[in-house]
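A.B. asks: The chain contents come next:
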Amino acid sequence: MSLQVYILRRLLFVIPLLLGITVVSFLIANAVPADPINANLPQNVLNDPEIVGAFREKWGLDKPPVEQYLTYIGNLLRGDMGMSIKTRKPVIDDIRQFLPATIELSTVSIIVGLVMGVSFGVISAVRQNTIIDYVVRIFALVGVSFPVFVLALIGLSILHAQLGWVAGPGRLNFVAKAPPTVTGLFTIDSLLAGQWETFRDAVSHLVLPSLILGSYVAGIIARITRSSLLEVLRFDYMRTARSKGMREFWVIWRHGLSNAMIPVVTIIGLSYGNLLAGAVLVESIFAWPGIGRYMFRASTSQDFPAIMGVSMLIAFIYVAVNFIVDILYYFLDPRIRVA
Amino acid sequence: MSISSTTSSIRESGWREQLHQIRYQLWRNPLVLIGLLIVTFWVVVAIFAMVLSPYEPLQQNVNDRLLSPGSGDHLWGTDELGRDIFSRVMYGGRITIPAGISVIVIGSVIGILMGGIAGYAGGIWDEILMRITELFMAFPTIILAMAITAALGPDIRNAVIALVVVWWPSYARLVRGLVLEIKNNEYVDAARSVGASGTYILFRTILPNCVAPAIVLMTLDIGNAILTFAGLSFLGLGSEPTSPEWGRMVAIGIDYFDQWWMWLFPGAAIASLVMAFNFIGDGLRDIADPRLR
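So the sequences go chain by chain: E and H.
Numbered per this note's numbering, the first sequence finishes at 339, counting up by one with no gaps.
Numbered per this note's numbering, the second sequence finishes at 1293, counting up by one with no gaps.
For reference, chain E alone in the conformation it holds in the complex (with noise of 0.2 Å):
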């Protein structure tokens, strides 16, 4: 199969999700008993049929669902999401100001994880069931068992609070100004802007909410890397490797992981919704900017436009990381391209 097809083909699979992601949406924000007018307008004014019926009109609320809907997709294609009740701004301006806080905790984050993850499992698996082996299981079974939001608590506390190591909330220190948007990333902005005191700020702020989520998916990682490599580790060609002299490491790394990469890929493509997932906490906790804190400030107001655009949003991105996922398949396993 070329990779043209290969391409196609998951493409053909992924749009009606992408439009049955939309369908979901809309029926939550609809069908559902939590009146927005309830929501949205103070008490007084609640007995107002005029503000209400103005209100109504505005958000399309007094049209049967189904049109709601094809209106709602019609906007959607021109990137109209609606505005959001509780800023008062378009969702899409919203979404556009606090995604590139997230991509970049996000970015980092699944970096760490990987790293930690990958090297613990390869150690565990290489070291099957001696005290290493052990340590490295009870650690991961404990990590994945913390809240995140608990595991945040405790860094602050210690390596913020106590030890001052890193940076508190937030992306940036109170003082200092946000480098000249480029990207939106600030770590890259403000080597761009060769703002250097910046950098090392924004890096600072950094450290500690990406540890928190990179650790959160590493058990993971750790974990499915562990028992894909011990599958790996089983076969003949690996003796057939050491047999012919190649050192250890290169046995492990040539032979070992490249065959073991497969559902490690897998797993990353799946953890990044974790990822996402995680962000929602991790972010409310520490003042982060992105969109995991618009999705809780507009959840706990019944904010629906913004909460649409952004689980649309999220869905989307989990979509397309694991679309790219299939098409490293076809660099990852050779079997795809025969078949």
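Incorrect hints may have been included.
Stated by the list, open to error - Going by beta-carbon spacing under 10 Å, a handful of chain H positions derived as facing chain E:
{"id": "1", "residue": "1131"}
{"id": "2", "residue": "1147"}
{"id": "3", "residue": "1236"}
I should point out that these hints are in silico values taken from the structure, not numbers from a laboratory.
Predicted, not measured: the structure shown is a model, and the values here were computed from it.
Beta carbons: idealized from backbone N, C-alpha and C, even for Gly.
Since chain E is already given, all that's left is putting chain H on it; use the hints.
C.D. replies: Leaving out everything else, chain H in the frame of chain E:
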């Protein structure tokens, strides 16, 4: 798959043999035993919280606000309203444990039914049900749960409903795969040849064989359900603000960051319960699928 083959081999041996097996496996997997002990501990504490706790969980005492652990008669200190943290943590299990179990049980029943029908009926039903399953799995759990809870209105019952909606697809997937495998066994053909109806075959000969793997997934999963429930509560989408629920207590504790006992003890309670379930689930999976050991 080896999960189903292991369970069927257990089924063949007698119950005495089974008991021996269980004892042997517990001895080989001490973590399962530790997990069982911790879970039992929390269940007992939750049931007898009324008798065991030194204070009422909602009882406020303005003179004893924000006492640190050990001061006065408060082992784990008090919160911003002078409520006893130790007592509140003891009561917390009353909300979290039933919530986690309901999510898993209701979610798995729905999932097993959906997966069973999809796998057994096949064709268009399989196609429709599996597309729906994929759709729900496209959302990261807590995001979809947040949207649903926000829509239904934040309280414990709605948080559980939201989590059920999020939870059933993984069971549907698992069971569908198992049913596809089991469907071709000779005893299913045998049942069909004696004239058993489709419903009978599905519910009496196929689904019972899916229960054991589903239970392994349930124990692996319940910790996750509890974590997500606590997360929803932490975000203010679960329990009432005053209720002694662990996630909610941590959330309140953030405003009193320096009074670490306000968030650390309820947080540790969640962690210990989840960890115990993970120990059990992990051990059960090792027993069911020894390749991963």
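A.B. asks: Please go over all the hints and tell whether each is borne out by the structure.
C.D. replies: Okay, the hints, checked on the actual structure:
1. 1131: 7 Å, holds
2. 1147: Holds - the Cβ of residue 1147/H comes within 10 Å of chain E, reaching about 5 Å at its closest.
3. 1236: Status holds, d = 5 Å.
Of the numbered hints given earlier, the model fails none.
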